[in-house]
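S.K.: So you can see what is in the structure, the chains are spelled out below.
There are 4 protein chains.
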Amino acid sequence: MSGVWGNNIKLSIFGESHGKAIGITIDGLKPGIEINLDYIKNQMQRRAPGSSALSTPRKEGDNFEILSGFFNGKTTGTPLCAVIYNQNTISKDYEITKNLMRPGHADYAGHVKYNGFNDYRGGGHFSGRLTAPIVFAGAVCRKILENKNIIIGSHIKSIGEIKENNFDLKDLEVEKLIELSKAEFPVLDYKSKENMVESILKVKEEGDSIGGVIETAVLNLPPGIGDPFFNSIESTISGLLFSIPAVKGVEFGAGFDIGCMKGSEANDEYFIDKNKKIKARSNNNGGVTGGITNGMPLIFRAAIKPTPSISKTQNTVDIEKKKNAILKIKGRHDPCIVPRAVPVIEAVAAIAILNLI
Amino acid sequence: MSGVWGNNIKLSIFGESHGKAIGITIDGLKPGIEINLDYIKNQMQRRAPGSSALSTPRKEGDNFEILSGFFNGKTTGTPLCAVIYNQNTISKDYEITKNLMRPGHADYAGHVKYNGFNDYRGGGHFSGRLTAPIVFAGAVCRKILENKNIIIGSHIKSIGEIKENNFDLKDLEVEKLIELSKAEFPVLDYKSKENMVESILKVKEEGDSIGGVIETAVLNLPPGIGDPFFNSIESTISGLLFSIPAVKGVEFGAGFDIGCMKGSEANDEYFIDKNKKIKARSNNNGGVTGGITNGMPLIFRAAIKPTPSISKTQNTVDIEKKKNAILKIKGRHDPCIVPRAVPVIEAVAAIAILNLI
Amino acid sequence: MSGVWGNNIKLSIFGESHGKAIGITIDGLKPGIEINLDYIKNQMQRRAPGSSALSTPRKEGDNFEILSGFFNGKTTGTPLCAVIYNQNTISKDYEITKNLMRPGHADYAGHVKYNGFNDYRGGGHFSGRLTAPIVFAGAVCRKILENKNIIIGSHIKSIGEIKENNFDLKDLEVEKLIELSKAEFPVLDYKSKENMVESILKVKEEGDSIGGVIETAVLNLPPGIGDPFFNSIESTISGLLFSIPAVKGVEFGAGFDIGCMKGSEANDEYFIDKNKKIKARSNNNGGVTGGITNGMPLIFRAAIKPTPSISKTQNTVDIEKKKNAILKIKGRHDPCIVPRAVPVIEAVAAIAILNLI
Amino acid sequence: MSGVWGNNIKLSIFGESHGKAIGITIDGLKPGIEINLDYIKNQMQRRAPGSSALSTPRKEGDNFEILSGFFNGKTTGTPLCAVIYNQNTISKDYEITKNLMRPGHADYAGHVKYNGFNDYRGGGHFSGRLTAPIVFAGAVCRKILENKNIIIGSHIKSIGEIKENNFDLKDLEVEKLIELSKAEFPVLDYKSKENMVESILKVKEEGDSIGGVIETAVLNLPPGIGDPFFNSIESTISGLLFSIPAVKGVEFGAGFDIGCMKGSEANDEYFIDKNKKIKARSNNNGGVTGGITNGMPLIFRAAIKPTPSISKTQNTVDIEKKKNAILKIKGRHDPCIVPRAVPVIEAVAAIAILNLI
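Residue numbers (our numbering), protein chains in the order written: chain A, 1 to 357; chain B, 1 to 357; chain C, 1 to 357; chain D, 1 to 357.
Source of the hints: derived by calculation from the structure; they are not laboratory data. Small disclaimer: the values here were computed from a predicted structure and weren't measured. Hints are not guaranteed to be accurate.
In this list, chains with the same sequence are indistinguishable; a pair is considered to hold if it fits within one copy or across any two.
Straight-line distance between alpha carbons at most 30 Å, and here's what the computed BS3-like set of lysine-lysine pairs gives [as the list claims (entries may be wrong)]: (1) Lys-193 to Lys-322; (2) Lys-276 to Lys-321; (3) Lys-41 to Lys-20; (4) Lys-148 to Lys-30.
The task is simple: from the sequences and hints, build the whole structure.
M.R.: This is the structure:
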């Protein structure tokens, strides 16, 4: 059971990388919401491969078709289903290596789980391609949030060893965030960006890949969103983030660094600001206390592992022959998935938040 | 909506710190499972306060009573409900400070969410005390897993700046893990322990508190557990972990460090071991690929924030007067919640896993 | 998996007839709702046994205790748990007959399902006693609906062969319904009542029992409540009604009689009434079209089977000896459960409706 | 929220009658199950219109396309999505009458619920056409049950006033049921069939429609399936049955007639049969006690209302003008939906049962 999620909105995801189509059904959207198709296309384009030297040259249109729940430009209130038909799939490539369990991929875990009946071509249901429907759903949710002035944006906090600073609480303005959310390679500092790009091109040349960390902010979230325990805003966002196969770590506010802090440092002291609103002087809790938003910016970071598909020769096993084997993956791969993961992570944030308000 | 969770097993949690009782209902347990009450008491004792100088001197028996689903020493297959009646509650203390939003606590977020109708005494439904029912449920699940030889254990990886190494994959044996799971203050290295204890006593003296990081391992998990996407093992565990108010970060395997790795380093290469089993040479994925277990030890870490209740004077706001205010929290607090969080985190792991198998 | 239900509100039920307690947790209630304990007690008293010659003389106080989610007389917004401790349980009676599968009861089906580990005493989790927590939850929901002027009431449409007419649409007024909802034995027509009572006393004398049909109306439900398909108002109500062990049939509006109608008869034609509201001239759809309320009174009927516990000797099997056997049930039984089922059915209606608005 | 259902399997339905497509996603199917496309086509053909003089002459191919979860002729274990593209849709017809609320249809209830944003063409999401995906899902489930020798079949128990007897318990054999499940117009008795067909042709001539009752049996269901309370087999089946817009009543076993019975008549006495199995001498409980199967045939009946679309002139209101109006529905309608409802009801039974085993 893998593909149904949510409370206020329910997502149902389906599809395999080399099957007929991938798609998603969103249930629970209110009727009469304008769906801006260009806005959605834009978001999907941010994730789509083939747009720069930093990603795989595979061209995938990621053109979606809305099958239901959409009438006269608006949601009907009934389930909205969108599909993306698969194209440009060279399935033969996968026959040769179908028994060689690719390290870092889901091949082996999936083979055991599904008794070998899963569609192995291109990773099947485990393919990163399945994040396209997530971005579709996220775009729908994000637009609804934007209409409430809730803004989501991210920067790439690190690529390999190249790091830049966290979002600076005092510097974090809506305009800056919107600008970042439109950038193809969103970083705060120009020099960091140059170094990051350089390091990606270097691993590309080596036939290798590299990981990174993405930091995301959500501004203008009112206090009081989320629930204690099982539907906390942190639970909801992290649960969805870890649905993305490349994510290996999630932290909010000061995150793992909070383990080094004293209570007197970590506690975000409240005060009345000049607009008579309750604010905190610091944001070590990343805008969430007790699982519920407290009116400060929601801040979280996700660790993205290096693309497991690399050109370098790797050791592995042949699942049928039960023997050690050598794997040489052909094809066109992303040297760094981090930039393409940014819109996915923002989509997840939008979905998680809309599910709680 | 806060208190219902799960698929194969369903948890329903309830209670406030100073109400009549807290408790949990577990639905979906198979009939005929022996419930070892001493085993459960032991686990609950690990979490209970008052056992050492490192925790609050408040004595809470945390004596549970099973109300249903339990007959002749075994589960009946119908919902199992356990309650812990509240005692030793000095509610008057809370009247004085009820309008002063304690920094780092859920007071303000909860006040907004519940329009001020929530039970504020001792944190109410947000109290860390609500982790006691989680430990109860975890103990039930954990025993079922142990009968399948699945073993859960943890060590304190850091307290403040005092760190010790991660679990060493080659060194991680079932016996070692069981030993750790019985220790009151589980650390791998004796010297680290001494330093950690010292640092906790130091902040205690200062009227302050300190955070830390817990690292948990699950051994003997068969491959194939979990689902892609929404019910991945990482999603399930992290979702539950972030239900614990003190957790601010969760990572699997190499976690955030994977962002610094190349694919050729991060990929865990498979081989056939001498028992003809498929294993990986490294475990940067922490035993999970594509959201599903791959037969390697499941490894994750959780960042625990310093107890927000400190004796030091803090700035905050008075929610009724809408004015800045000074807060001086009286009472007996944990200088470091990390040791008491260990059994909670292990409980969460047990619940999450049993929910997926 | 038996005990968790709902979307907007979630119920979690637990308990066995002769265990320590039975109870229910209601999650999703808004904060700040006044809980009228007397109102709840009243509803529970309507279901409780021992109040007249028509029911079992067993005295069960059905005194509930609210454990959580309730503070200063109001809901807190966190899960509300109520328990009813079991008393007056003569468990020894059940030891003698524990292997004799009582006809009409869940004994055999339950024995197979739970591999014999279920608590058989007094029917255990299958006992009609478990409807007491349902009435508790229903009373909470019902009061919330009453505050919105939504009124629920019923009459006993038949006891055995003694029938009275259906609710007359033109005659169905809020005052009449409230009056019925307070009657111990609610019937529209005095003569019918007399005959019904007489027929119950007759079967009681015979050591037998008798069934009946209950008809329920909900007035002032606004149009637009419910969902097409899986969460239709009919699906939600019928799903809950069939959770009550005695219910064997559920119909809305004209119900089974609609099978004899032509479209031109069955279709409820709309018109604009003098208050400029859209109404229908008939109500064969019982206030629901396409699964959604249409502003007409919601009307449904439930068939209640005769109490399976009778004093007459019955044939059955001994589950342990795998042999035919003779069963003679001792004890005090309801000759007719219909009057006590009325508040349960009304509770179900209240819960189902509150779950959809 | 309308379109997600289930526990062990989860259905997600989508689509509008005149949109691009309708479809369903089934999550939770085990991997490696052979999908017999011809078997599914056959079931869908039973529901499809245009096959006889008794149904609408509209030709709808109801050709489905499986988009995911299906590989090399078998299920993969990942979500299986199937769509049916809409064709032959004359949407202009609906523009003229879009403001005239058709009596007996969901038009008015849906208009209020969705604030007028729903797709009104051909009933939109409320269309009976949405039962086609249900039949698809049912066919998949049914085949899995058949492989376990669990057989589902029905007969038309009545059309208007023309009735035939209920299934006779002694006469109900697997072969007979399979034969019925292949008949286009399944009735037990030839003379009844003739009369039923005649009565349908008569109302057709009148421009009217007629309702009926369908009785369904499931043979070879093992005892112990279903749960007490919320997931009882009766709750599950009835909840799904009432998702079908035409169903206005559901009863199990003796159903509403049980209200006239005494306990000594209604109780199904157990005995050991010659194969040493526990059976009951009667089946007034329709194979279910306490919400759980007891090994007897599962028997239920559903009341089907007459097709609301009739050619006769009807009174109604114009929702925009807020005025009384006259409605004359053009087009090609089913004079009796009962025969086409049979496969839908059997599909629902298959889905409900597979969800519980």
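S.K.: The structure should be examined with respect to each hint, and the outcome stated for every one.
M.R.: Verification of the hints:
Taking identical chains as interchangeable, the C-alpha atoms of Lys-193 and Lys-322 are never at most 30 Å apart, the minima being 45 Å within one chain and 44 Å between chains. Taking the shortest Cα distances, Lys-276 and Lys-321 sit within 30 Å of each other only across copies (11 Å), while inside one copy they are farther apart (70 Å). For the homomeric pair Lys-41 and Lys-20, the shortest alpha-carbon distances inside one copy (20 Å) and between copies (19 Å) are both at most 30 Å. For a Cα distance limit of 30 Å, the shortest separation of Lys-148 from Lys-30 qualifies both inside one copy, at 14 Å, and across copies, at 23 Å.
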